[in-house]
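K.L.:
Sequence:
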Amino acid sequence: MNYNLDIKKETLSNGLQVILVHKPDYQKSLFLLGAKVGGFDIDQRVDGQVIRHKSGIAHYLEHQMFYLDGEDVSDLFANLQCSTNAYTSYTETAFYFSTTADVKKPLKLLLDFVENLDVTNETIEKEKGIILSEYDMYQQSPEQRLFKETLISLFQYHPMKVDVLGSKEDIQDMSMKDLKQFYALNYDPSKLCLVGVTGKDTNEIMDWIKECQKDVLSKLNKKIERVFKKEPKEVNRKEYVDHMDIHQPFVCVGYKMDACKTKAEAFEKDFAVNMWLDSIMGPLNPKFQEWLDQRIFTQFVGAEADFTLDHSYILFYAQTVNPNAFIELVNDLVQNKSISDEDYQSLHAQAIANNLRGLDHFDGLANDLLRSHFEEYDYIENLNSIQNMKIEQVHAYIKDLDFSHSCVTKILPNDSI
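Take any residue in the sequence shown, note its place counting from 1, add 1208, and you have its number in this note's numbering.
There may be inaccurate statements among the hints.
In the BS3-like style, the derived pairs of lysine-lysine whose C-alpha atoms are separated by at most 30 Å in a straight line are [claimed, not checked]:
hint: 1; residue 1: Lys1356; residue 2: Lys1216
hint: 2; residue 1: Lys1430; residue 2: Lys1388
hint: 3; residue 1: Lys1334; residue 2: Lys1313
hint: 4; residue 1: Lys1438; residue 2: Lys1388
hint: 5; residue 1: Lys1418; residue 2: Lys1437
hint: 6; residue 1: Lys1244; residue 2: Lys1336
hint: 7; residue 1: Lys1369; residue 2: Lys1244
hint: 8; residue 1: Lys1430; residue 2: Lys1244
hint: 9; residue 1: Lys1316; residue 2: Lys1334
hint: 10; residue 1: Lys1471; residue 2: Lys1430
hint: 11; residue 1: Lys1316; residue 2: Lys1438
hint: 12; residue 1: Lys1217; residue 2: Lys1431
hint: 13; residue 1: Lys1388; residue 2: Lys1427
hint: 14; residue 1: Lys1388; residue 2: Lys1336
hint: 15; residue 1: Lys1431; residue 2: Lys1216
hint: 16; residue 1: Lys1399; residue 2: Lys1438
hint: 17; residue 1: Lys1418; residue 2: Lys1336
hint: 18; residue 1: Lys1441; residue 2: Lys1376
hint: 19; residue 1: Lys1369; residue 2: Lys1231
hint: 20; residue 1: Lys1216; residue 2: Lys1369
hint: 21; residue 1: Lys1427; residue 2: Lys1399
hint: 22; residue 1: Lys1399; residue 2: Lys1217
Don't read these hints as lab results, they were simulated from the structure. From a predicted model like this one, the values you see are computed outputs, not experimental measurements.
Go ahead and model the full structure; you've got the sequences and the hints to work with.
P.N.:
Right under this line is the structure:
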């Protein structure tokens, strides 16, 4: 099944990857320009030599790049009837705009400001204050603190344990030299991917992109790769307790899993395990309301899994008046490695429907296509693997789970000290 997606792909002479999706009868256009660089890129191997960057540098640079010729890029996009934004994840950074007006001028602006770094000591210091405020805000959130400390407990070396924002010390010490070195290694045109989802003529847009890029040359001829230190099977710490000014405790039970061996295994296992988690820790479970009534957890409750080639984990989390009762419940739940046929049918149908609806969500579709390019997998093939997944495959992945490496994180009220 190809989902009737009209996708045009081309690699330009400077190495820029372009992916355009034509959506007939839509007035809206969204263009996203991304780099395969994020929170994980602390250690990079450059032509065999390991370079260590400051933590949070990808996110810091994302903020810093919203300047061009001394002007704020957001204002320039607004003048062109566009909304714009950016994000930095663990694995990529992307800049994007959406509009119902003409796309040529904002598209050139997107390419210009991402492919040209405009930094001054003044803008670096200004962003430093903004990012430190963002850091402090997250530190005051019990939910953010819960997940952050759980990842620190799970991983000894993996950069998953380091917040995308970085450490406060690294943010404070960020310099122009740091940013320029990181930019030069990761923002060459040959390292970028441009994704567009639009109702306009994609042949005409592709020609316009080529015209904009004809004099933009690739200056990078180095092999650059992300470095992961070998991670032990055991968790970094089995328990962590912190205190905050809150009324009720928060708790998270984390399980460290083996990383997957292939991209297909990672995608399928991630989908299968998250489907199982939705069946046991959500309204589909007939006991869910009973647990709410017993105050084993509040409305803030959930479970999620992340299975990749370099790390894998499962988290159960909640706000609860009785953390030990929640931990005991989780320990019981993970013993039941099965999903009923009824739950499977319901969740599988829901996933297929969400995928079909997602094809008309421009931002989600663009992000998925960007990630599929960087991670080198076929986007359509993955959609089909969800469509074709049988309950036997789900059971096989669930039964393979090893829950022997766990940690517990508690965020307790100050008055419980």
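K.L.:
Look at each hint and say if it fits the structure.
P.N.:
Structure-based check of each hint:
{"no.": "1", "hint": "Lys1356 to Lys1216", "verdict": "violated, 39 Å"}
{"no.": "2", "hint": "Lys1430 to Lys1388", "verdict": "holds, 16 Å"}
{"no.": "3", "hint": "Lys1334 to Lys1313", "verdict": "holds, 28 Å"}
{"no.": "4", "hint": "Lys1438 to Lys1388", "verdict": "holds, 29 Å"}
{"no.": "5", "hint": "Lys1418 to Lys1437", "verdict": "violated, 40 Å"}
{"no.": "6", "hint": "Lys1244 to Lys1336", "verdict": "holds, 23 Å"}
{"no.": "7", "hint": "Lys1369 to Lys1244", "verdict": "holds, 19 Å"}
{"no.": "8", "hint": "Lys1430 to Lys1244", "verdict": "holds, 15 Å"}
{"no.": "9", "hint": "Lys1316 to Lys1334", "verdict": "holds, 26 Å"}
{"no.": "10", "hint": "Lys1471 to Lys1430", "verdict": "holds, 25 Å"}
{"no.": "11", "hint": "Lys1316 to Lys1438", "verdict": "violated, 42 Å"}
{"no.": "12", "hint": "Lys1217 to Lys1431", "verdict": "holds, 24 Å"}
{"no.": "13", "hint": "Lys1388 to Lys1427", "verdict": "holds, 14 Å"}
{"no.": "14", "hint": "Lys1388 to Lys1336", "verdict": "holds, 16 Å"}
{"no.": "15", "hint": "Lys1431 to Lys1216", "verdict": "holds, 27 Å"}
{"no.": "16", "hint": "Lys1399 to Lys1438", "verdict": "holds, 26 Å"}
{"no.": "17", "hint": "Lys1418 to Lys1336", "verdict": "violated, 36 Å"}
{"no.": "18", "hint": "Lys1441 to Lys1376", "verdict": "holds, 29 Å"}
{"no.": "19", "hint": "Lys1369 to Lys1231", "verdict": "violated, 39 Å"}
{"no.": "20", "hint": "Lys1216 to Lys1369", "verdict": "violated, 38 Å"}
{"no.": "21", "hint": "Lys1427 to Lys1399", "verdict": "holds, 11 Å"}
{"no.": "22", "hint": "Lys1399 to Lys1217", "verdict": "holds, 16 Å"}
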